[in-house]
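> What follows is each chain in one-letter form.
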Amino acid sequence: MKIKLNFKFLLAVIFAIVYIFPFSLVLINSFKERVEIIANPLKLPAEFSLTNYITAYERMDYASAFFNSLIITVTAVIVLIIFPSMLAYYLVRFNYRRNQIIFIILIASMIIPFQALMIPFVSIYGKLDMLNSRLYLVYFYLGFGVALSTFMYHGFIKSIPMALDESATIEGANKFQIYRHIILPMLKPITATIVILNSLWIWNDFLLPSLALFQKSRTLPLSTFSFFGRFTTDFGLAMAGLVLSMLPIIILYLALQRQIISGISEGAVK
Amino acid sequence: MYTEKGLLDKLKSFATFSFIPLFAFVTVLLIPFLVGFLLTFTDWNGIAAISSLDYNWVGLKNYSVAFADKDFWTALLLTFKYVILVVVFTNIIAFAIALLVTSKLSGRNFFRSIFFVPNLIGGVVLGFIWVFIFSRFVEYIGDITNLAAFQHSWLVDPDKAFIALVIVSVWQLSGYMMLIYIAGLVGIPNDIIEASSIDGASPWQRLRHIVMPLMIPAFTISLFLTLRNSFMAFDVNLALTGGGPFRSTELVTLHIYNEAFRFQNYGDGQAKAVILFVIVATIAIIQVLATNRLERT
Chain A
1 MKIKLNFKFL LAVIFAIVYI FPFSLVLINS FKERVEIIAN PLKLPAEFSL TNYITAYERM
61 DYASAFFNSL IITVTAVIVL IIFPSMLAYY LVRFNYRRNQ IIFIILIASM IIPFQALMIP
121 FVSIYGKLDM LNSRLYLVYF YLGFGVALST FMYHGFIKSI PMALDESATI EGANKFQIYR
181 HIILPMLKPI TATIVILNSL WIWNDFLLPS LALFQKSRTL PLSTFSFFGR FTTDFGLAMA
241 GLVLSMLPII ILYLALQRQI ISGISEGAVK
Chain B
271 MYTEKGLLDK LKSFATFSFI PLFAFVTVLL IPFLVGFLLT FTDWNGIAAI SSLDYNWVGL
331 KNYSVAFADK DFWTALLLTF KYVILVVVFT NIIAFAIALL VTSKLSGRNF FRSIFFVPNL
391 IGGVVLGFIW VFIFSRFVEY IGDITNLAAF QHSWLVDPDK AFIALVIVSV WQLSGYMMLI
451 YIAGLVGIPN DIIEASSIDG ASPWQRLRHI VMPLMIPAFT ISLFLTLRNS FMAFDVNLAL
511 TGGGPFRSTE LVTLHIYNEA FRFQNYGDGQ AKAVILFVIV ATIAIIQVLA TNRLERT
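From first to last, the protein sequence lines are chains A and B. If you count the first sequence from 1, position 91 lands on 91 in my numbering, and the numbers rise without skipping. If you count the second sequence from 1, position 281 lands on 551 in my numbering, and the numbers rise without skipping.
A couple of the hints might just be wrong.
[As the list claims (entries may be wrong)] Computed cross-link-like contacts, EDC-like style, restricted to lysine to aspartate or glutamate with a CA-CA straight-line distance of at most 16 Å:
1) A:Lys43 - B:Asp413
2) B:Lys331 - B:Asp313
3) B:Lys374 - B:Glu464
4) B:Lys351 - B:Asp429
5) A:Lys127 - B:Asp324
6) A:Lys188 - A:Asp129
Derived from the structure by calculation, the hints contain no laboratory data.
Only chain A is shown next, with the shape it has when bound in the complex (with noise of 0.2 Å):
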C-alpha cells in the first residue's frame, strides 16, 4: 500500500513539472542576457538582472495597456452580472411562450463561432465609426456573453421557489424589488462561477480587441502580441515580456486560487 501511494505521489509530481516547465522555462530565461540564453537555456541566471523587464515595461507600453485591460474587464464582467441576471430572472419568472424562444435562441447561439460573424461584424461597426473605444468594447461583450451568463442564472433562478416571490409581493414589493432584493442577493454563488469565466475570457481576449481597439487604447494581449512580434530573437526580452503579461493574472490566482478552482468546479456541474 505504501509503495503504491508513493509511485502516485511520483506520477503526480512527474505531470506537475511537465505542466509548469514552459512556465519556469520562460521565468529563467527572462533574466539573461541573449548570449547566455543561446549557451544553456535550463540554466539559472548569472545575475538576476531586471534590464529585460525594466526594457520589456516600457516597450509594451505596460503601465497604459495593464490599466486598459483592467477597465474593460471590470466594466464588462460587471455589466455581465447585471443585464444577464435580470434577464434570466424575466425569461424564468415571466410567462410568456416567446420567453422560451427567446431562451432557445440564446442557447443556440452559444455554438456559432466568432468568425462566422467576423466579417459582417467589422464591416457593420466599422462603417458606424464603433470600433475605437473602449466603451463600445464593452457593449460588444455584452452581446456575445449574455448568452452563456443568462444560461447559468436561468438554471439557478428556476431552483428558487417561487413563494418567496410571492410573500414578497404580498408585502408590496414590485417585480423589480423583487428582482433586487430577493433574488440577486441569492445569486452569489453562481455569481461568482460567472464573475471568474468572464474575467478569464476578456482579460485574455485577443480577436475581438484586436478588431475593435485602436493602438493607444491598446490592451495587455494586443500590446504583448505586438511586442513579441518586434523582439522574437532577442530573447531574454521577449521572455521578460511575457512575464509581465503574465503576472497580473498569476498574483491574482495566488491569492484567489481556492476560490478559482471551486468557483469553475460549481460552473462545470452545472
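With chain A held as given, fit chain B onto it using these hints.
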C-alpha cells in the same frame, strides 16, 4: 410565474428586465450572423457598406469558389485531424489526472491548482511561450543529445509544427477538463464505491463498470467543450505557428481570418465561415443526441 394582463404592464416589465441585454445580443451577435449568412449569396466585396445594397445576388457562387479552393480543403482536413487528436488526448489525460487527484494523495489540492494554471493565461501568450520551447529549447536539446528530431526548430517543419500545435492545445485544455471530471468523480456516492469493493470488484472493474457509467454526464460536458474549443481554436494557432511554414498549419479559423483580413477575399471567406458554422452545429447536435441516448440506456 407571473402573468400580466395590461399591455402597458407587459411592456414595462419587458423594457425593465430584458430590453438592453436582448438589444445587445441582437445587434452584436444575431444581426451580423444572419447578415453574414445572406451576404454569402451575393457578390458583396467587403468594402462597400452592407446597407448600401450595392451588390447582386449570385446564388451559390461563393460556395463553389470556397469548395474549389485547395487551401481551404487542406485547412479543413487539418482541422479535423487536429480536433480528433486534441479531443482524444485532452480527455484521456484530463480523466487520468482527475482520477489521480481525487484519490488518496498528499497535496492533491496543490496539484489541482498547478494543472489549472495554463487555463489562466491567454492563448496568445501561451503560444509565444511555446515558440521559445519548440525553437530555441529544442535546438539546445539537439545540440547536447544529437537526436535527429531535435536538430532544427519544430516550427519550421509542417508535420512537427502541427504536432507542436496539438501538444500546446492539450496542455492548455486538460486542466479545465480535469475540473469537470473531478466534479463528476466527487459526485459519485461513496456507498456505491464501498458496496462494489465489498462485492470484490477489482479497481479496474470498479472504474470500468461503476465509475465510468456514472460519469457519462461529465463526459458529455467535457466532450462538448473540447470539441467546441478545438474547432474554434485560434489564438494558439496564430501565436505559435501563425499558420506557417507556408500556410501548412492553418486551422480553418485562421484560414478564414487570413482570407478576409490578409487577402481581402471577403465573399468566399464568409462562405467558408458559414461552412465552419454548419460543421460545428452538426457535430454539436449529433453529440447531444448520441449522449442523450447513451444516458437513457
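> So which hints don't hold here, by number, going up?
Hint check: 6 fails alone, others pass.
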